[in-house]
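Engineer: These are the residues of each chain, in order.
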Amino acid sequence: MDEPIISLQGISKSYQVAERKGGLKEAFKSLIKRDYKVIEALKDISFQVQQGEIVGYIGPNGAGKSTTIKIMSGVLLPDSGSCTVMNMTPWLDRQKYVSNIGVVFGQRSQLWWDVPVIDSFQLLRDIYRIPQEQYEETLEELTALLKLANILNTPVRQLSLGQRMRCELAASLLHKPSLLFLDEPTIGLDADSKIAVRSIVKEINERYGVTVILTTHDMNDIEALAHRIMMIGKGTLLFDGTLPQLQQRYGTGKIVQVTYSGNLVDKLLPGITMIEQSDEKLSIAVNTELCTMPQCIQWLTSRIEMTDFTVQAIPIEDLILSLYKEHNV
Amino acid sequence: MTLYYKYLLMHLRAQLQYKGSFLMLSIGQFFIPFTMFAGLYFMFEKFGKLQEWSFIEVAFCFAIIHQSFSLSECFARGFDSFSSLIIRGDFDRLLLRPRHTVLQVLGSAFEFTRIGRLMQSLIVLIFAISQLPQLWHWQHIVIILFMIVNGVFIFVGIFMLAATLCFWTVQGLEVANVFTDGGREMAQYPLNIYEKWVMKLFTFIIPFGLVSYIPLRIILGKVDEPLWQAMIIPFGGALFLIPCYLIWQFGVKHYRSTGS
Amino acid sequence: MRTYTSVWRIRFLNGLQYRTAAYAGIATQLFFGFIFIMIYVAFYNQTPVQPDLSLQQVVSYIWLQQICLSLVMLWVRDPEIFELITSGNIAYELCRPSSIYPFWYSKLLAQRVANMTLRCAPVTIIVLLLPEPYRLTIPTNFITFLAFLITLLLALLLVVAISMLIYISVFWTMSPTGSVLLFAVLGEFLAGLVIPIPLMPKWMQLITYAFPFRWTVDFPFRVFNEHIHGNELIIGICSQVGWLVVILGIGYWIMKKAIRAVVIQGG
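Residue numbers (this note's numbering), protein chains in the order written: chain A, 1 to 329; chain B, 1001 to 1260; chain C, 2001 to 2267.
No lab work stands behind these hints: they were computed from the structure. All values derive from a computational prediction rather than experimental measurement. No residue lacks a Cβ here, since even glycine has one placed at the ideal position from N, Cα and C. One or more hints might be untrue.
Chain C side only, calculated, beta carbon under 7 Å to chain B, not exhaustive [said to hold, decoys possible]:
#1 Ala2021
#2 Thr2028
#3 Phe2031
#4 Ala2121
#5 Leu2181
#6 Pro2198
With these hints in hand, go ahead and build the complete structure from the sequences.
Structural biologist: Shown next, in the form of structure tokens:
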């Protein structure tokens, strides 16, 4: 087996945060003394990522996602533990390390606001010291892949969010990094743009073998892209596996939506929970461990007349929510 | 560094887009030192002279420091406005790029409207030199250049120190103004008019004296020291940058240990 | 009135929270005061020529400048109001000018007073205790002090009225920065914030009489250091009130026109 591209071992990090309370009296007090609180952002985090994986890194706000990303990208020093990425320690020899990674922040732009996109790209070429020939080649590829031809000469401030995000992705790939960190890349985008971003990331991963670490709150991103999901809560890793594994653990169930006529007043079978019911439609959750699908269908048809019937897997959001609930985050 | 030059061009293009505003601001910037100079002129009108210095000599001193100040405000704006960079969270982005933090911070902001100030002090400088015949040799011009350039180094150093403070807190930064604006206010007059301890502070700690007062005395012929001393002494300003830089590196390290 | 107290309260509390900023502010003011005074001391100590204004009076003037800086400086910095005008959101706030003008006025007033109350006490105490010649000398009698307070209050009202004009001008220029800077720089010079007006040559002094600025800084400070008294004082107060009425009137009238223009354009 190849060396993993990322290897974290026992990473821990705490912050000291000043406490500030409101009110006049507290304000005067804070002039003299300041109270501090210690927050453990990461507790003994360990995992490995193989080259070419797309990892979805999820967790509620404040769980430690951005701290982990900062450590892996070399911006932040951990309190203890070791981290090896592409055979380097990220925070040592910073300049050498960061020339091999790309980072996209969904909420902050890395492009210069008042000038055309192409100017930003050229500046990045100089910053990353990309040879001219390689730059032109890469630029052509990315322009075609991300459909940037029409917007290269537009100032960034005039772009729509979707257009800007495509430019951000291109900017982060100009220097051909092997590893890409995407921090909420689809936030605020409309449905079309989200789909576009997802397919681009997938394409980049498949075509260039770029390893992707993706943090997001949008579970559709995870569903579309992630080979693997890691969930962090309150500083610890709560789940590390694939989507099927997640479904197996928390989602042994289905949602059945029925259009019907008749009356359903009987007590429900064990394993069946009512979600919504109206005169013509109902939807129920079926725990397939307690009640198999054939059993459920049989029970339904014996009581009502069904005209339409759909079965779907439990949406990933709900899986995640039960995961959060189980671990109290 | 060619990268710095490229940053500069980019910001220049961006700022020149707003022509009207740029012009107005530059004119406003012209009048700031203009009013200060007017104040200086009026004081001499009232008092005749300042200890052993004539109006022209003080105007000359004034112009040199203002040149340094406006040049540093124009080209080292990145450090001057570092607090807004940190507050926006953009410093992390700088750390993610394979270039030195100092270079990137310098390239992060320019303030070309300061050209207004530059113009004003340049006019005063040329005027003063024209009235001081003892300065009409190439060696003196070179010395003046050294004084201005090293003055820029001192101001940049102070900006750097103030920016480093931002890694700990973004409040209370106005104290830095005491040394930049305040330093400029003081050094625009020859330092020997002040109390002894002030002169010592501004010669040995923040070496304004090395780029204005001391070489000034020499090239104006007030003391009998050899000219080459006036060529070397200003470079104390460059030396001042060394501890500032070290402190900056320490600040960056702190930032990377504690997060934002 | 309620706007005033609530804005003042928020500003003041905010200011207290940031203790580093508070300490730094005090230090800054003290340092700058020292620097300016040292320059004047250097000028005054050398010559037998004693100008109209004595050194002691200049020192008091400088310290007052530092202590009352937030009250009397012209350089405005309320990005909210600028934002409101340039973005056109003012259309949403559509009240008649009879409500906006007092509203903004009290907001600006409260900001200045809050900023000052934060800083003035410690600085004042310190400068009262400094050795000669750096000490702030207090007026010899209570009447003078009272007169000072009155003239300072009028000065404050006048400054806010003038600054209102700047904000209103943005309705036309749509860009807050350029004209504001020029106006502020020249205004502050004409007010006596660069050097006290009596130290200017006669011809320059006459120029400053043509503008309202001198009544905001030069006048109240010279009342304090007793350079101005008696009849001159009374006439001065009347001038302050006169200018105040005129500028409030102009401001209100222009704002009415501007709002009407905005309404017609639809924002």
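Engineer: Holds or violated: the hint that Ala2121 (chain C) contacts chain B, with Cβ atoms closer than 7 Å.
Structural biologist: 18 Å, violated
Engineer: Just to be careful: measuring from the Cβ of Phe2031 (chain C) to every Cβ in chain B, is the smallest value less than 7 Å?
Structural biologist: 4 Å, holds
Engineer: Verify the interface restraint on Thr2028 (chain C): the C-beta must sit less than 7 Å from at least one C-beta of chain B.
Structural biologist: 5 Å, holds
Engineer: Report holds or violated for the interface hint on Leu2181 (chain C), using the least CB-CB distance to chain B and a cut-off of 7 Å.
Structural biologist: 3 Å, holds
Engineer: Go through the hint on Pro2198 (chain C) and say holds or violated, using the shortest Cβ distance to chain B against 7 Å.
Structural biologist: At 9 Å from the nearest chain B Cβ, Pro2198 (chain C) fails the 7 Å test, so the hint is violated.
Engineer: Does the closest beta carbon of chain B sit nearer than 7 Å to the beta carbon of Ala2021 (chain C)?
Structural biologist: 4 Å, holds
Violation of the numbered hints given earlier is confined to hints 4 and 6; the remaining hints are satisfied by the structure.
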